[in-house]
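Start from the sequences and build out the full structure, keeping to the hints where you can.
For the protein sequence lines, the chains are A and B, in the order given. Using the numbering used here, read the first sequence as starting at 7 and increasing by one per residue. Using the numbering used here, read the second sequence as starting at 8 and increasing by one per residue.
Be careful, since some hints might not be right.
[As the list claims (entries may be wrong)] With beta-carbon atoms standing in for the labels, derived distance ranges:
#, chain 1, residue 1, chain 2, residue 2, range
1, B, 50, A, 195, 49 to 59 Å
2, B, 69, A, 100, 18 to 28 Å
3, B, 66, A, 682, 52 to 62 Å
4, B, 69, A, 652, 18 to 28 Å
5, B, 68, A, 420, 50 to 60 Å
6, B, 56, A, 394, 27 to 37 Å
7, A, 420, B, 56, 30 to 40 Å
8, B, 50, A, 442, 13 to 23 Å
Derived by calculation from the structure, the hints in this document are not laboratory data. Because the structure is a prediction, the values reported are computed rather than measured. Just so you know, even glycine gets a beta-carbon here, dropped at the ideal spot from N, CA and C.
Here is how the chains run, residue by residue.
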Amino acid sequence: MPIVPGHDVPAPMAAPPGPKRVALLGNPNTGKTTLFNRLCATRQKTSNFPGTTQEVRIGLVRDEKVRADSIELIDLPGIYSIELQMTEAALCRGVLAGDVAPRGERVEPPDAICVVIDATDLGRGLVLVGEALRRRLPTVVAINMVDLARRRGVHADEAKLADILGCTVVVCSARTGEGVEALRDSLTHAPIPNRTPPGDAHALEHWADDVFAAVALGDERADTDTLTDRLDKAFTHPVLGVLTFALVMTGLFYVIFKLASYPMDLIDGVFGRLAEAVRVVLPAGVLADLLAGGVVGGVGATVIFVPQICLLFFIISLLEDTGYLARAAFVMDRVLRPFGLSGHSFVPLLSSHACALPGIMSARAVPDRRDRLATILVAPFMTCSARIPVYVLLTTILFRDRPAMGAVAFTGCYALGIVAALFSSLIARRTILKGKSRPMALELPSYKLPSLATALLTTLDRGLIFLKQAGTNILAISIVLWWLSSYPVVPPPQRALELRAQAQALVAQTIPQEPGTATEPSQSAQSLNQEADRIEANHATKMSFAGRLGRTIEPVLRPLGFDWQLSVGIVTSFAAREVFVSTMAVMLTGADDTEDQSVLNRLGAATRDDGVTPIFTRAVCWSLLVYYVLAMQCLPTLAVTAKESGSIKWAVVQLLWMCGVAYLAAWITYKMLTMFGLS
Amino acid sequence: MSDVVPIKSKAGQAPVASVGTCACSHDRCACDGPGRSVPSESPLTKLEIGQIGLVTRTTLGSDDEALLRAMGLRPNARVRLCQAGEPWIIEVRRTGGACSRIGLARAIAQHVHIGPV
Numbered sequence: 007m008p009i010v011p012g013h014d015v016p017a018p019m020a021a022p023p024g025p026k027r028v029a030l031l032g033n034p035n036t037g038k039t040t041l042f043n044r045l046c047a048t049r050q051k052t053s054n055f056p057g058t059t060q061e062v063r064i065g066l067v068r069d070e071k072v073r074a075d076s077i078e079l080i081d082l083p084g085i086y087s088i089e090l091q092m093t094e095a096a097l098c099r100g101v102l103a104g105d106v107a108p109r110g111e112r113v114e115p116p117d118a119i120c121v122v123i124d125a126t127d128l129g130r131g132l133v134l135v136g137e138a139l140r141r142r143l144p145t146v147v148a149i150n151m152v153d154l155a156r157r158r159g160v161h162a163d164e165a166k167l168a169d170i171l172g173c174t175v176v177v178c179s180a181r182t183g184e185g186v187e188a189l190r191d192s193l194t195h196a197p198i199p200n201r202t203p204p205g206d207a208h209a210l211e212h213w214a215d216d217v218f219a220a221v222a223l224g225d226e227r228a229d230t231d232t233l234t235d236r237l238d239k240a241f242t243h244p245v246l247g248v249l250t251f252a253l254v255m256t257g258l259f260y261v262i263f264k265l266a267s268y269p270m271d272l273i274d275g276v277f278g279r280l281a282e283a284v285r286v287v288l289p290a291g292v293l294a295d296l297l298a299g300g301v302v303g304g305v306g307a308t309v310i311f312v313p314q315i316c317l318l319f320f321i322i323s324l325l326e327d328t329g330y331l332a333r334a335a336f337v338m339d340r341v342l343r344p345f346g347l348s349g350h351s352f353v354p355l356l357s358s359h360a361c362a363l364p365g366i367m368s369a370r371a372v373p374d375r376r377d378r379l380a381t382i383l384v385a386p387f388m389t390c391s392a393r394i395p396v397y398v399l400l401t402t403i404l405f406r407d408r409p410a411m412g413a414v415a416f417t418g419c420y421a422l423g424i425v426a427a428l429f430s431s432l433i434a435r436r437t438i439l440k441g442k443s444r445p446m447a448l449e450l451p452s453y454k455l456p457s458l459a460t461a462l463l464t465t466l467d468r469g470l471i472f473l474k475q476a477g478t479n480i481l482a483i484s485i486v487l488w489w490l491s492s493y494p495v496v497p498p499p500q501r502a503l504e505l506r507a508q509a510q511a512l513v514a515q516t517i518p519q520e521p522g523t524a525t526e527p528s529q530s531a532q533s534l535n536q537e538a539d540r541i542e543a544n545h546a547t548k549m550s551f552a553g554r555l556g557r558t559i560e561p562v563l564r565p566l567g568f569d570w571q572l573s574v575g576i577v578t579s580f581a582a583r584e585v586f587v588s589t590m591a592v593m594l595t596g597a598d599d600t601e602d603q604s605v606l607n608r609l610g611a612a613t614r615d616d617g618v619t620p621i622f623t624r625a626v627c628w629s630l631l632v633y634y635v636l637a638m639q640c641l642p643t644l645a646v647t648a649k650e651s652g653s654i655k656w657a658v659v660q661l662l663w664m665c666g667v668a669y670l671a672a673w674i675t676y677k678m679l680t681m682f683g684l685s
Numbered sequence: 008m009s010d011v012v013p014i015k016s017k018a019g020q021a022p023v024a025s026v027g028t029c030a031c032s033h034d035r036c037a038c039d040g041p042g043r044s045v046p047s048e049s050p051l052t053k054l055e056i057g058q059i060g061l062v063t064r065t066t067l068g069s070d071d072e073a074l075l076r077a078m079g080l081r082p083n084a085r086v087r088l089c090q091a092g093e094p095w096i097i098e099v100r101r102t103g104g105a106c107s108r109i110g111l112a113r114a115i116a117q118h119v120h121i122g123p124v
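Here it is in structure tokens:
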């Protein structure tokens with residue numbers, strides 16, 4: 007007679023042999039991902055469910071005995087119960103029922119289920135085990151983290167558990183590899199369980215409690231975990247917790263900016279040389295321009311962010327594994343909740359200071375859908391690294407001899423972005439995403455050393471996903487914008503030709519001092535050529551499709567103090583904000599090296615078409631700064647928003663809201679400054 | 008602890024209340040003596056750090072309640088308050104030394120009611 011009120015049913019035949027599709031199911035924090043990585047290593051890919059942004063990893067488990075892939079493992083999202091009214095639980099229900107399958111997979115029930123439960127807290131996972139057993143599919147229960155359980159003196163009678171459940175039970179440790187081989191074997195030969203737990207939710211809970219009472223060995227612990235208590239107290243303390251968090255995040259920020267700069271410079275150099283090589287190998291023409299400027303340039307401008315993305319996900323994975331991030335989420339919850347965001351939103355918002363793309367991608371960790379959407383919508387307000395060249399240019403022009411004031415303005419830009427994000431979230435939560443942020447109820451996992459292998463595999467996975475995106479959507483966007491900025495090709499204006507002819511004449515007059523030694527063109531010839539370059543670049547940009555578009559929208563931007571040249575800069579930097587600086591430099595000075603002080607000086611002194619009015623007046627600089635802090639000037643971000651939110655609608659909302667706020671704030675800035683005679 | 012009254016209790020049965028006295032069911036008491044057990048039913052937010060009790064009921068919306076139940080915070084679950092304040096941290100204790108920690112925002116913690124062991 008079984009100890010628990012389940013129903014005995016005859017044990018049917020095991021499923022026919024052959025490659026099996028096994029669904030990996032488990033509570034969060036049971037080491038399910040580590041186990042998946044241990045079983046599949048790099049033989050895995052990330053897919054998603056059609057019509058959702060919910061990702062699922064699919065891996066192949068190799069059977070070394072037959073030297074073939076014996077199992078296709080589907081790593082389902084971590085859930086506490088299949089019956090919860092949550093997206094993740096609904097997808098698990100659908101997969102187990104055979105109604106839903108990851109993209110590209112057969113829509114049919116899996117051949118078996120592997121339920122991962124935590125050996126240190128067996129009782130917690132038994133409800134999920136009961137729910138899985140009721141599916142009447144071959145089932146294996148993997149009791150993971152047994153090494154940790156032993157260290158803590160937590161024991162259970164696994165043989166008795168297998169007897170009660172009527173299915174295979176394997177004890178393992180994904181971290182050390184103990185029992186993983188046995189688990190692999192069991193998955194291929196799993197029988198259908200011969201017991202069925204009760205279906206009613208409350209009866210199932212009682213069943214789980216009774217099963218646990220029957221298999222647990224020893225008494226309830228008498229001691230209290232004072233170390234964990236102390237760490238929790240410190241990490242969630244209103245002051246100490248915030249300081250610790252600030253320290254951890256500063257370290258994260260530093261690593262992302264500092265360490266990533268080396269591979270980023272390398273990538274920049276490689277793509278620069280690649281573009282040069284394309285121009286050398288191919289004859290001058292449309293194809294060379296397309297490949298060098300559009301494809302290589304466009305992809306290079308995106309791939310350059312891969313080191314930042316990889317480092318971000320690597321460190322976040324390590325932090326998550328230690329158990330710290332769950333505590334940190336509560337610390338930031340206090341700050342963000344009044345603005346309609348949850349503590350889970352902080353890491354995405356912070357990451358967006360490096361680049362909004364990984365920031366938005368990491369918003370997947372926000373469990374509530376509306377909280378997640380609010381996070382995605384406001385994340386691009388954070389000052390990303392692409393805005394920095396624009397800030398540098400404008401603060402340098404504004405505070406040429408006062409670097410301290412420039413630093414204050416720079417900090418102000420960061421602060422303005424944060425305030426705008428919080429303010430926008432507040433409005434979103436009262437209008438389009440009505441409702442308060444969901445109060446947090448979060449399991450606090452045990453503190454432990456992080457798994458380097460898991461972090462590396464997560465990093466690899468995230469990096470590949472980003473590269474895939476760079477090679478598809480972002481590449482297409484880059485090519486379109488390159489084409490708009492470069493075409494139609496127009497002949498150089500008459501004035502540029504005259505200047506070049508003058509320069510040539512000057513060089514011809516210069517006689518070599520000694521036979522056989524070449525001389526440099528005279529200073530004035532060089533100046534003439536520079537001026538010709540400027541006029542030619544200005545004319546080419548003005549006549550390009552982007553230039554025409556810029557001139558068309560100039561009346562719209564005029565209230566902000568922008569002339570047609572600034573309007574063109576804004577249009578061409580729509581793909582990436584930093585392009586504004588190079589566009590303005592090329593258009594106004596003929597050179598693109600904005601680190602050259604003389605180029606910066608010439609930019610600051612550049613005038614409008616009337617030849618008198620400076621382009622960069624104080625009011626215009628402030629107006630432009632405010633505009634670039636707040637405006638959505640990044641098409642790849644819009645592409646990622648559409649993907650992560652599951653609808654292009656949210657990308658449109660983000661674009662309109664951010665540009666609307668930017669326009670209004672820049673207009674107010676410009677008007678106020680001109681009104682008080684500070685222009 | 009000699010003053011502990013051992014009472015057999017099984018999951019699914021109503022908890023046995025004993026005001027100010029520990030009444031756990033084990034040979035080795037986990038409640039640190041009298042006074043560590045919750046004296047009477049009260050919201051989690053009224054408990055003192057270190058007090059142990061049994062979950063009696065929750066007054067939350069169905070989604071939140073279902074999530075807490077799935078996390079193991081259901082009637083008769085034995086809990087210890089580890090930290091008061093935002094967040095409220097509790098330890099859900101089970102036989103055999105197993106336990107898990109859950110952090111709760113005040114908005115949830117005040118709807119979780121704890122009774123004596």
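Review point. What are the numbers of the hints the structure violates, in ascending order?
Key: 5 and 6
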